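Please work from the sequences and hints to get the whole structure.
Okay, so the sequence shown: first residue is 47 according to this note's numbering, each after it adds one.
Calculated from the structure, these hints are not laboratory results.
What you are looking at is a predicted structure, and each value in this text was computed from that prediction instead of being measured.
Glycine included, each C-beta is placed from N, C-alpha and C at the ideal position.
Check the hints yourself; a few may be wrong.
Just the calculated beta-carbon pair ranges, DEER-fashion [stated by the list, open to error]:
| # | residue 1 | residue 2 | range |
| --- | --- | --- | --- |
| 1 | R188 | S64 | 31 to 37 Å |
| 2 | R116 | A259 | 32 to 38 Å |
| 3 | S53 | A139 | 15 to 21 Å |
Straight-line C-alpha distance at most 35 Å; calculated DSBU-like pairs for lysine-lysine [what the hints assert, rightly or not]:
| # | residue 1 | residue 2 |
| --- | --- | --- |
| 4 | K263 | K66 |
| 5 | K209 | K66 |
| 6 | K209 | K263 |
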Amino acid sequence: MSRLEHSFSALAFEQNFSLKELATDLPGGRLEPHFLERALPGNAAALYFPFGAVVFVDAGPEIREEEIHRLLAARPGLTRQTVRENFAVREEAGGATRIVEGCLIVDELSGGRSALIAQTVAQSAAMEYYEQIVERLFERARQIVDRLESRGSVPLGTRSLNKFIGQAIGTRNEVLSVLHLLDKPDLTWEDAAMDRIYSDLRLEFDLEDRYSALESKLRAIQETLELVLDVARERRLFLLEAAVVLLILFEVVWGIWRR
Numbered sequence: 047m048s049r050l051e052h053s054f055s056a057l058a059f060e061q062n063f064s065l066k067e068l069a070t071d072l073p074g075g076r077l078e079p080h081f082l083e084r085a086l087p088g089n090a091a092a093l094y095f096p097f098g099a100v101v102f103v104d105a106g107p108e109i110r111e112e113e114i115h116r117l118l119a120a121r122p123g124l125t126r127q128t129v130r131e132n133f134a135v136r137e138e139a140g141g142a143t144r145i146v147e148g149c150l151i152v153d154e155l156s157g158g159r160s161a162l163i164a165q166t167v168a169q170s171a172a173m174e175y176y177e178q179i180v181e182r183l184f185e186r187a188r189q190i191v192d193r194l195e196s197r198g199s200v201p202l203g204t205r206s207l208n209k210f211i212g213q214a215i216g217t218r219n220e221v222l223s224v225l226h227l228l229d230k231p232d233l234t235w236e237d238a239a240m241d242r243i244y245s246d247l248r249l250e251f252d253l254e255d256r257y258s259a260l261e262s263k264l265r266a267i268q269e270t271l272e273l274v275l276d277v278a279r280e281r282r283l284f285l286l287e288a289a290v291v292l293l294i295l296f297e298v299v300w301g302i303w304r305r
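Dropping the structure here:
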């Protein structure tokens with residue numbers, strides 16, 4: 047039985063990609079509806095996805111570094127903070143589609159199957175990036191709640207809380223825009239083996255559960271901040287009402303004193 051090993055290495059950036067602009071800046075690629083594919087030396091390839099991820103297929107370290115250098119030259123504003131995800135695929139002629147010890151085994155790795163695998167690996171890398179962001183947001187929200195619990199009050203200023211809520215909502219929208227691609231691709235309807243590959247990869251990377259956890263945390267953060275914001279607004283309203291009462295009382299006392 048013949049065997050052939052393939053490597054998929056994903057790199058997720060903070061910024062999103064415009065595939066049309068990227069195709070112009072990095073000429074020679076093949077633009078598809080959901081990704082841009084560029085052929086690299088040694089039968090390797092780089093697949094760019096709009097949610098800011100690039101997946102290298104069968105590309106060695108030097109080839110990857112050269113392509114990343116081209117990307118950074120074309121997009122100098124890209125952050126150097128990235129998330130990496132690696133995955134192995136093995137072709138076994140006549141073998142059943144399955145995952146063994148973190149390695150996907152297929153009977154044949156066609157171009158469509160390779161793109162599907164690359165997309166899933168890219169989503170997992172993007173998911174990890176957002177998991178880190180959400181964890182930091184969750185920690186900030188916890189600190190605000192701890193202050194409310196220990197001091198019984200929150201800062202009078204609501205601008206920072208409003209900005210924090212906006213950041214949480216923006217992150218949630220970004221997660222939704224990235225992971226809407228979790229919808230089953232059309233290619234899976236045409237290839238039964240590809241459908242099994244897609245299902246196995248979703249389970250291997252635990253995408254659905256990780257997405258549900260992300261959404262739950264973001265919703266909890268938003269609800270917590272909205273509650274804290276209501277407390278801050280009520281405190282400001284109480285102080286305003288107290289100031290009005292004191293002003294009226296001052297005017298009454300001043301009127302009596304003038305008599």
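Quick rundown of the hints versus the structure:
The beta-carbon spacing between R188 and S64, approximately 36 Å, falls within the hinted interval of 31 to 37 Å. Checked against the given bound of 32 to 38 Å, the beta carbons of R116 and A259, roughly 35 Å apart, stay inside it. Taken as a hint, the range 15 to 21 Å holds for the pair S53 and A139, whose Cβ atoms sit roughly 19 Å apart. Restraint check for K263 and K66: the C-alpha separation of about 33 Å stays at or below 35 Å, so the hint holds.
Annotation: proposed proximity of K209 to K66 holds, straight-line Cα distance about 32 Å (limit 35 Å). Between K209 and K263 the CA atoms are separated by roughly 18 Å; this keeps the pair inside 35 Å, and the hint holds.
Taken one by one, the earlier hints all hold for this structure without exception.
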